[in-house]
Amino acid sequence: MKNHERPFNVRDCALVSLATGLRAHNLREFQDGLLRAPESSIYHHFWGRFLQPRFDEPEYNNDFAAWAYRGLHEKALAERLSVLDPTEFEDIESLRQEVLERVEERLDENEFVPWARSDQIFFFTRSQIIVLDTGHVLHHPSELADTLPEMALGSVFYHFIDARRRTQERIDDFTAWLEGWGEEFMPLCQRIMTVDPYFSSLKEIRSELAEIFRTFFGGGGR
Amino acid sequence: MNQLLQQYGEITGPEVISHLQQLAESLQGMKVVHVNSTRLGGGVAEILHKLVPMMNSLGLNAEWRVIEGNPDFFNCTKGFHNALQGFRTVIPESLLQVYETVNRENAEELRPVLEDADVVFIHDPQPAALIKWIENRKGKWVWRCHIDCSRPYRPVWKYIRNYVKDFDASIFSLAQFAQPLPHPQYLIAPSIDPISEKNVELPQDEVMAVFEQFGMDPELPLVLQVSRFDRFKDPIGVIEAYRIAKKVIPLQLVLAGGTATDDPEGEAVLEEVERASAGDPDIHILLLPPDAHRTINALQRAADIVLQKSIKEGFGLTVTEAMWKGKPVIGGDTGGIRLQVIDHYTGFRVRTPEGAALRIRYLLHHRERLNEMGELAKRLVKENFLLTRHLMEYLALMISLVKGFEDRIDVSE
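If you read the sequences in order, they're chains A and B.
To convert, take the position in the first sequence, counting from 1, and add 2; that gives the numbering used here.
To convert, take the position in the second sequence, counting from 1, and add 531; that gives the numbering used here.
The shape of chain A in the complex, shown without the other chains (with noise of 0.2 angstroms):
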């Protein structure tokens, strides 16, 4: 089927938080949790924070970042963890292995192992994504441009961010769906892969789409 004859449907998501009965009271324990822990609890802890109440982390964009500067006091691991961007990772298990990377190359150049208050330890968690159907369909990009603005940040998520996980083009549903109109919308698809997925919120990645969108079709690009 050709994408002109391919509806884009919206879709929105919500996700559910699960303990996983893992924790760290340090950093040894930290490597096991990480050996061990389900691959939805990676994937939550790098980005639950988009659906999860939680602050806008300030200085710290995953929770094993944040945990290892405010529970271990280890702001070297803290940083060489804050860096990791999990869009460039093929997929959770290679990200899983960076992580182990780093906490073991801390693991040695330690001389003990750091640890954390007994009420700082860290509880490996884990998210359920649900899939909702929102009811409404897109029949050409142009209508993406009206739609952006007041998309609600759940389908954000799903379209923008959960399908380079969920696809096998590891890339977000509107330029696999752009893609399949031609040429004309190449340009449209270059400028949306400038948005950066995740050292933004989804409040920001909305309105930057929208932004692109809005000159894309207002300023001519059709």
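FYI, nobody ran anything at the bench for these hints, they're computed from the structure.
Fair warning: there could be bad hints in the mix.
[What the hints assert, rightly or not] Pulled a few chain B residues facing chain A out of the computed Cβ check, cut under 7 angstroms:
1. Glu546
2. Ala706
3. Met923
4. Glu924
5. Leu928
6. Leu932
In this text, a Cβ means the ideal position worked out from N, Cα and C, and glycines have one as well.
Given chain A, work out where chain B should sit, using these hints.
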């Protein structure tokens, strides 16, 4: 759109309501029963007052039942509460017998409703033993624990666990509260209701009226702690913090609390607080009835700084309420307060009366920081801790219970 949903939509934005409706789509007509032990007083009852009508507005068939108990029963469950929060509490066998008898009697009363329900939410330990006497359960049973049981007193937890293990799932407010159990453990933070009497916007004259009503000085900075008179809330530590801060900055303190029908210790703690504050005209101890929601709302809005200096805290809904009103909170470094009071952003977390006093002085000296933190606090609550988010997670959990525990559940097809 239903009027109740519309009211919430005006605060959260219509997309939040639309999200709830999508989630509820696959749960239409589902029979949901919530059971707890008090209809008035305490955070659980306040949440259920709105959560249940909201579920019904979204097309579910939800109801709320309250178990009946006697003083011995509530003494026993207060003991459970203390023990789950880590206090060594020995509960006599005779009281455990009362606990079981009361639950058995309530099970008989509620049997038709509970047997027929698709999902039953049992709140806290008081009605947990109902499960033992409802053998023909048609639906899924979920134990919702609102208490910080990160380090429970083991003998009592072992007793309660014996009932809890038979549930299909449990819910804890934070990951650190979860205990090893043979079923999935969901993590759901509680919430406040922005359109309730306790949180709704008030006219300025109504806010200012509390100064006259309670003999307070409108010219003096006001530091407030709203909580039950309970040792875990450390009201004596609050008075100590106030006394230290007052040495260098004039201020007044209000300790506003009530007692819940399931808390027999309240009076004893109140007496201790009265003794500790004796002779200071700037300490106001207000014993408010459980329905004084509007008065508490006005006090929180009248305050300059809100304290919640708990030693142990489940979540700390009074913290959420104060932050919703744009107040920075100085809170104990414990439990759910950590999720809300982000040190140096939405308030300060402290471990001692001295720490609380230091932060009171800082905020009263730096009014611009006080206002900035208050604004951040309000935004944090709006985006994360309103009833709509709480309901969203309950609905997501129910979908998960029905569809299974895989990482991805697609109900869009």
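*Is the interface hint for leucine 932 of chain B satisfied, with its Cβ closer than 7 angstroms to some Cβ of chain A?*
Nearest chain A Cβ about 10 angstroms off; hint violated.
*asked:* Hint validation: leucine 928 of chain B versus chain A, beta carbon distance must be below 7 angstroms. Holds or violated?
replied: 6 angstroms, holds
*When the nearest CB of chain A is found for glutamate 924 of chain B, is that gap smaller than 7 angstroms?*
Holds: closest Cβ of chain A sits about 6 angstroms from glutamate 924 of chain B, inside 7 angstroms.
*Let me know if the C-beta of glutamate 546 of chain B comes in closer than 7 angstroms to any C-beta of chain A, holds or violated.*
Hint on glutamate 546 of chain B: holds, closest Cβ of chain A at ~5 angstroms, below 7 angstroms.
_Hint validity - alanine 706 of chain B Cβ closer than 7 angstroms to any chain A Cβ_ = Hint holds; alanine 706 of chain B Cβ to chain A Cβ min 4 angstroms, cut 7 angstroms.
*asked:* Is the interface hint satisfied for methionine 923 of chain B? The criterion is a beta-carbon contact with chain A at less than 7 angstroms.
replied: The hint holds - methionine 923 of chain B has a Cβ within 7 angstroms of chain A, the shortest such distance being about 6 angstroms.
Checked against the numbered hints above, the structure violates only hint 6.
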